[in-house]
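S.K.: The chain contents come next:
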Amino acid sequence: MTTANEPVNFFEQCADEIAIGSDVYNQALGFYYAEARMLDNLRYMDWVETLTQDIKYNVPLRQTRLVKDNEASIIYSMRHMHEDYRSLMGRALRLSGNSAWAEDPASRTKRFVSNVQVFETATPGEYAALSYLLITRNRFDDDHFDLIPCERRDILRLQDGVLKLAQRDIILDQVLLGTPNLAIFL
Amino acid sequence: MSANTERKLADGSTISDLIDLERREVQLRTLADREIYEIEQDKIFGKTWLLLGHESEIPDDGNFIQRFMGDDSVIVARHKGEVFVSLNVCPHRGMKITTQDAGSTSIHKCIYHGWAFRSNGEFLGSPVADQCMHGKIRGKDELGLQQARVTLYGGLIFATWNIDGPSFEDFLGDAKWYYDMLFCRSDGGMVVAGPPQRFVVRANWKAAGEQSAADGFHTLMLHRWLGEVGNYKKDDGESGDLTPEMFGAEVSSPHGHALRCIDLNRKIRRLTGKDPEELSVEEKLRVLPPPGMTADAFTQLKKNLSPEQLEAMAWMPPQVGGMFPNVLFGFVYIPQADGSVVGSMTLHAYVPKGPDKLEFINWIFVEKDTPPELREKMVMQTIQLFGTSGMVEQDDSDTWPHMTLTAKGPQGRHSTMKYQAIYETGKPEGWPGPGIVNEGFTKDDTQWHWWKYWHALMTAE
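Just so you know, the sequences run in chain order G and C.
Under full-length UniProt numbering, residue 186 is the last one in the first sequence; the count climbs by one each step, no gaps.
Under full-length UniProt numbering, residue 461 is the last one in the second sequence; the count climbs by one each step, no gaps.
No lab work stands behind these hints: they were computed from the structure.
There could be a bad hint or two in this list.
As the list claims (entries may be wrong) - Cross-link-like lysine-lysine pairs, in silico, DSSO-like; alpha carbons within 27 Å at most:
{"no.": "1", "chain 1": "C", "residue 1": "80", "chain 2": "G", "residue 2": "68"}
{"no.": "2", "chain 1": "G", "residue 1": "164", "chain 2": "C", "residue 2": "377"}
{"no.": "3", "chain 1": "C", "residue 1": "368", "chain 2": "C", "residue 2": "303"}
{"no.": "4", "chain 1": "G", "residue 1": "68", "chain 2": "C", "residue 2": "96"}
Make the full structure from the sequences, and use the hints.
M.R.: Encoded structure:
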């Protein structure tokens with residue numbers, strides 16, 4: 001490979017864990033519930049409002065590797081998504097337009113967020129948040145659901161008293177993705 | 001081969017019955033039928049050259065990747081500098097030799113009983129040598145991993161099980177002149193940005209395959225968002241017209257390869273404010289270099305391509321198309337909001353996974369010498385437009401499954417796909433390239449030639 005994998009520095013950023021049930025924790029949990037409701041209800045432009053302008057949003061590839069090479073199972077040199085604010089806005093605009101056939105008719109989705117852990121970081125007002133996400137996606141008459149289980153590694157930033165998403169890395173469980181596209185946000 | 005000696009399908013019809021050569025129609029049944037799928041595994045995927053990856057994925061000795069040739073898993077490995085493709089099946093009891101997607105090892109040892117093989121597939125031995133687990137009936141030289149025939153082209157790894165069949169050059173035929181312009185134009189060569197994206201689409205591989213043979217028309221409808229809110233919208237924000245992008249020259253091949261050579265004149269006019277007719281080939285290639293290259297790469301182009309190829313490169317370079325049976329290439333020039341152009345270089349393979357499923361493999365390339373800043377822009381743009389989440393191709397991957405579903409209906413299966421938009425033009429005046437070439441607005445000829453070759457292979461002895 002010609003580019004080194006970007007190091008996953010998420011866990012290095014996690015300082016003290018924030019107590020479950022504390023104000024900040026509840027605020028983070030509220031962020032995720034509100035986000036899931038927006039995305040499951042096709043409110044893409046509202047969702048873009050919850051992002052910081054300098055957001056980094058990544059869906060790295062996965063590979064099946066030996067345990068000794070486990071770090072190489074997450075691939076950043078190629079990704080399923082590699083986004084910034086501009087491109088996420090572009091995607092939201094496309095989905096809000098007239099011809100985004102991949103999501104029109106839209107999938108019926110549910111985003112189940114769980115296992116939320118929130119950590120202080122070295123930057124005041126920025127929190128590292130780890131969570132599990134299970135998306136169920138159903139299209140047309142499909143009698144099956146596309147299941148997209150993943151882990152989110154987020155940086156949430158307080159802006160004017162409101163949490164916004166400043167960074168997201170989505171670690172998929174599937175190497176060979178079982179849904180025909182990522183026309184939906186994870 | 002005449003239809004009456006052809007192998008019969010279960011309902012008594014033949015492959016030839018499914019294709020109307022006079023009217024250029026193909027029965028939809030071809031996109032869902034298991035019997036046809038199984039014949040394809042032998043007649044198509046057992047016979048033609050198949051794209052497996054790029055040598056930059058396995059730069060060092062011992063590096064390997066796991067890929068598929070039809071339904072067969074293979075190990076693609078580097079051994080003493082050379083690339084070998086071995087069937088990923090242990091000759092002992094049929095276990096997969098490797099279960100990993102990629103790795104590095106000088107010895108592949110089967111985890112079931114421990115038979116061991118070199119990266120070139122040679123059998124090294126079985127455990128407890130003095131007990132001779134592999135017996136004495138077969139010599140060690142008979143117990144290696146089955147080897148496919150391999151060729152490298154522009155660093156791309158192709159393999160075939162057709163050991164004595166046509167050479168790769170014969171397989172490409174006239175189309176090679178055009179592919180050279182994409183894959184063999186730089187001194188350093190192409191490299192992958194990383195391992196390929198992989199995802200499953202519940203559609204027959206041919207729904208994607210026939211489209212890859214340069215289906216221009218679908219862009220106007222399926223991808224019309226590009227004009228409405230995407231890269232082709234007008235500067236004033238009004239909806240842009242995609243039809244000018246449909247003009248150029250289309251190259252067909254008797255072997256089903258297809259290339260859309262799209263006219264760059266409008267882009268060059270926008271970039272320079274000049275009439276492209278007044279610019280030399282060199283001036284045009286410096287203003288609008290091929291994807292992944294910069295103005296100063298002209299000297300490389302001049303060295304690696306013929307003057308005729310340079311002329312086509314500056315005028316109507318191949319931008320999208322395919323290589324039979326299941327490869328799509330997109331080497332495109334994408335307009336940016338600031339008026340500049342950033343290229344994308346991508347190759348897909350549509351690997352069959354049963355009559356109603358395909359695996360979409362997407363490699364993104366850059367040139368080895370692409371400057372880092374351009375490289376990052378290219379890779380990011382390509383991820384955003386093509387492949388898993390690509391805003392262009394997510395519409396394709398949602399469309400093909402419907403075709404495979406309609407192909408299952410008792411009436412729908414006899415419905416036909418029609419390829420009746422026929423060129424009446426011939427080559428553009430002064431066209432420097434070989435092959436079956438037609439000028440003007442996109443038509444169906446390239447896709448029809450794709451089906452004709454499919455038919456020829458499926459009915460071959």
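S.K.: Now, for every hint given, state plainly whether the structure supports it.
M.R.: Against the structure, the hints come out as follows:
no.	hint	in the structure
1	C:80 x G:68	holds, 25 Å
2	G:164 x C:377	holds, 26 Å
3	C:368 x C:303	holds, 17 Å
4	G:68 x C:96	holds, 20 Å
Every hint, counting from the list given before, is met by this structure.
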